[in-house]
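J.: Residue numbers (the numbering used here), protein chains in the order written: chain L, 1 to 339; chain A, 1001 to 1404.
None of these hints come from the bench; they were simulated from the model. Honestly, I wouldn't trust all of these hints.
[What the hints assert, rightly or not] Listed next, with one range per pair, are the computed distances between beta-carbon atoms:
| id | chain 1 | residue 1 | chain 2 | residue 2 | range |
| --- | --- | --- | --- | --- | --- |
| 1 | A | Leu1112 | L | Thr48 | 44 to 50 Å |
| 2 | L | Asp132 | A | Val1195 | 47 to 53 Å |
| 3 | L | Ile218 | A | Val1100 | 39 to 45 Å |
| 4 | A | Ile1036 | L | Ala75 | 39 to 45 Å |
| 5 | A | Thr1383 | L | Asn166 | 36 to 42 Å |
| 6 | L | Ile218 | A | Ala1039 | 52 to 58 Å |
| 7 | A | Arg1327 | L | Met167 | 52 to 58 Å |
[To be verified] Beyond 12 Å from chain A on every Cβ pair, some chain L residues (computed):
| id | residue |
| --- | --- |
| 8 | Asn51 |
| 9 | Gly71 |
| 10 | Ala73 |
| 11 | Ser137 |
| 12 | Ala234 |
| 13 | Pro270 |
| 14 | Asn314 |
| 15 | Leu323 |
| 16 | Gly330 |
| 17 | Ile332 |
| 18 | Ala335 |
As the structure is a prediction and not an experimental result, all values here were calculated from the model. For every residue, glycine included, the Cβ atom is placed at its ideal position computed from N, Cα and C.
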Amino acid sequence: MKLKTTLVAATAAVAVSAAAQGATLDDVKAKGFIQCGVSTGLAGFAFTDSNGNWDGFDVTFCRATAAAVLGDANAIKFTPTTGKTRFTALASGEIDVLYRNTTWTLSRDVDLKFDFLGVNYYDGQGFMIRKDMGVASATDLNDATVCIQTGTTTELNLADFFRANNMNYDPVPIETNAEAQQKYLANACDVYTTDASGLAATRATFENPGDHIVLPEIISKEPLGPLVRHGDNAWGDIVRWVMNALIIAEEKGITAANVDSMASASTKDPEVKRLLGVEGNYGEMLGLAPDWAIHAIKTGGNYGEIFEKYIGENTAIGLSRGLNQLWTKGGILYAPPFR
Amino acid sequence: MSMTGQPPVEAFRVSQLLYDTRYRSYTIQVFALAAIMLAFAWAVDNAVQNLEALGKDIDFGFIFETSAYDINQHLIDYDSTSSHGRAAIVGILNTILVAVLGCIAATAIGILAGVLRLSGNWIVARLMTVYIEAFRNIPVLIWILFTVAIVNEVLPGVRSFRGPEGMSGLFFDSVFITNRGFYIPAPIFEAGSAVVGAMLVLTIAAAWYFGRWARVRQAATGQILPVFQIRLAILVLPVLVAFFAMGSPISLEIPALKGFNFKGGIYMRDSLIGLWLALSVYTGAFIAEIVRAGILAVSKGQTEAAYALGLRPGRTMSLVVLPQALRVIVPPLISQFLNLTKNSSLAIAVGYMDATGTLGGITLNQTGREMECILLLMAFYLTASLTISAGMNAYNRRVRLKER
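Just chain L, with the same shape it has in the complex (with noise of 0.2 Å):
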């Protein structure tokens, strides 16, 4: 089976994947790690440090998902994937879940055939423009260059905002963000767009951030979320819920630093103990240990944690919470009921 696999995605380019069939849990315990998919680089989301280990708001739920599957957050292979090539890699198998600023969209979940779990980062499509360029707004950027990652939704809203706007665009396309970050610096194109999230991200790695700005304008909804396979629910629920958990562990005040004494039964809320494993089954519904939640968790904190480490105010890439604060704090981020 592997060789016919080899075989028919070198002849047709179609990758096939043995696993598609249900069994990711099991072939992540046997093989003792997760093959996780994420962006080539972009500041805040997924980056290699110093050591050239992978880190970033993405990478840490990725870790998140082993550490809660298999006790160790280190337990993982990163596939660096292009807009281009991270739907490949999933179909075929060579990556169990993609963690990649991925817009859920209906023909994704429908047509490509793939279950998306989830939103870990509300976002929008955004323009960075240089602040001396005196423009104010995006409806501003007639028959400007733009420079955009091929591949991605932003391609498709960005043709239709300058259609709806009555508008002329040159499209410069590009596969990746580093590359379109040199264009844009060189001047070759006028603008760069892409989630405003990622714009941050790119413009926090400026030499002078300052001189450029992101337009007030949001043309789109871009709900960025992890997604695995159509069809192995078993491991489609074990990534959701690690993802919701996080989520919850926000909500009931869970940090890496104090999971621990509150597993210890020192807490009398119920729903802390059922997620912690204290009380309740769930792990083994998931097919997981009891204290799954518990090494999820002190991977990198909750999902504020993580949020702040990364990519919130007080790091260079500066996003605020906005959509992204918990539905009690005036956001949308709301996790169903852990029972």
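Position chain A against the provided structure of chain L, taking the given hints into account.
T.: Below, chain A alone, put in the same frame as chain L:
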């Protein structure tokens, strides 16, 4: 009773298939064919089965669906409401554009470099050697990225042309070389330009006819006319007369900076220029070696004989050496043209929207129809390559040695 003298005809025996060398090769071929077909059938069946397991069918219906994305360089009308099929055609035309431009430039560069490498001038010959070795031995993708990076990073930005103290363009402020590409004037045809165009066609025919007449005359009398100068006069003068007689119906639209970019004129984008340049200098290096081999394949005696007849070196090259060298040059030249065309699929690395960028890139990605897109793409490249082959083979048949 008569003896025929022929050996008795043996009845065919099955064992001959294995032990008789006359038949054994058929046996081997039949088995080999069967094995290949089996392997192929298995691969197809495996693909179909696995696609089914993924819940994917083969369906080309997406070709007629709205593409919803824009393409920067489109030679035919196209916008985001056009179909995926039209996007594919836009990409195919872009591929053809860069392939044709590339083949022409590569041939010119190759012939020049190949001839110069044989030059008696030590410096020129060595310089050409350096060029050829450097370009042949570095992957073309690197050259493509390199040239586009040079265009983007070194050339002035569009903004540096802005304002009264901004830079001015070349050729009386009409050509603008920027890091977004070159903006050159475009001709505008007004009423009466048809007359000028017709005159141009006529003069081309006349120049061609004159060339033929001069050759016949030379063969008959041995006199050589200044063909080039006369041809130039035939080509240019009547067209000029027609142009002014009709009241200058053709004018130039000069690009001008408006808003974010230059407007008007012809825009050759950075990716097209970078790709074209990289492909042609890279392939040109290979063609140079082919040209050199072709020239060296012509016996030195031919050159010496031509000199002995009193032909000057230039005429010796064009009349004696090159026509014979072409027979050696053309067949490998075909494969270089094919290489250039196929290498143009690297265009996506610099954002040039060729067939691989539209059909095999955005369309594939947005529709998720990998199999169908790749099959269509393979069909296109195969067709393009076979067409080039057929054309060049026809040319090869014309120039090859006629054996009578």
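J.: Confirm or reject each hint.
T.: Results of checking the hints against the structure:
1. Distance hint for A:Leu1112 and L:Thr48: a CB-CB separation of about 47 Å, consistent with the stated range 44 to 50 Å.
2. About 50 Å separates the C-beta atoms of L:Asp132 and A:Val1195, a value consistent with the hinted range of 47 to 53 Å.
3. L:Ile218 and A:Val1100 have their C-beta atoms about 43 Å apart, which keeps the hinted 39 to 45 Å range intact.
4. A:Ile1036 and L:Ala75 have their C-beta atoms about 44 Å apart, which keeps the hinted 39 to 45 Å range intact.
5. About 39 Å separates the C-beta atoms of A:Thr1383 and L:Asn166, a value consistent with the hinted range of 36 to 42 Å.
6. Distance hint check for L:Ile218 and A:Ala1039: the Cβ-Cβ separation is about 53 Å, which falls inside the suggested range of 52 to 58 Å.
7. Judged by the Cβ atoms, the range 52 to 58 Å given for A:Arg1327 and L:Met167 holds: they are separated by roughly 57 Å.
8. Every beta carbon of chain A lies more than 12 Å from that of L:Asn51, the smallest distance being close to 28 Å; the non-interface claim holds.
9. Every CB of chain A is more than 12 Å from the CB of L:Gly71 (nearest about 31 Å), matching its label as outside the interface.
10. Chain A leaves L:Ala73 outside its interface by the beta-carbon criterion, the shortest separation being 31 Å against a cut-off of 12 Å.
11. Chain A leaves L:Ser137 outside its interface by the beta-carbon criterion, the shortest separation being 14 Å against a cut-off of 12 Å.
12. Distance to chain A confirms L:Ala234 as a non-interface residue, since its nearest Cβ pair spans about 18 Å, more than 12 Å.
13. Chain A leaves L:Pro270 outside its interface by the beta-carbon criterion, the shortest separation being 41 Å against a cut-off of 12 Å.
14. The Cβ of L:Asn314 lies farther than 12 Å from every Cβ of chain A, with a closest approach of about 34 Å, so its non-interface assignment holds.
15. For L:Leu323, the shortest C-beta to C-beta distance to chain A comes to about 26 Å, beyond the 12 Å cut-off, and the non-interface label holds.
16. L:Gly330, annotated as away from the interface, keeps every beta carbon of chain A farther than 12 Å; the closest lies near 34 Å.
17. Listed as a non-interface residue, L:Ile332 keeps its Cβ farther than 12 Å from every Cβ of chain A; the least gap is roughly 27 Å.
18. Every beta carbon of chain A lies more than 12 Å from that of L:Ala335, the smallest distance being close to 30 Å; the non-interface claim holds.
Violated hints for the displayed structure: none, as all numbered hints are satisfied.
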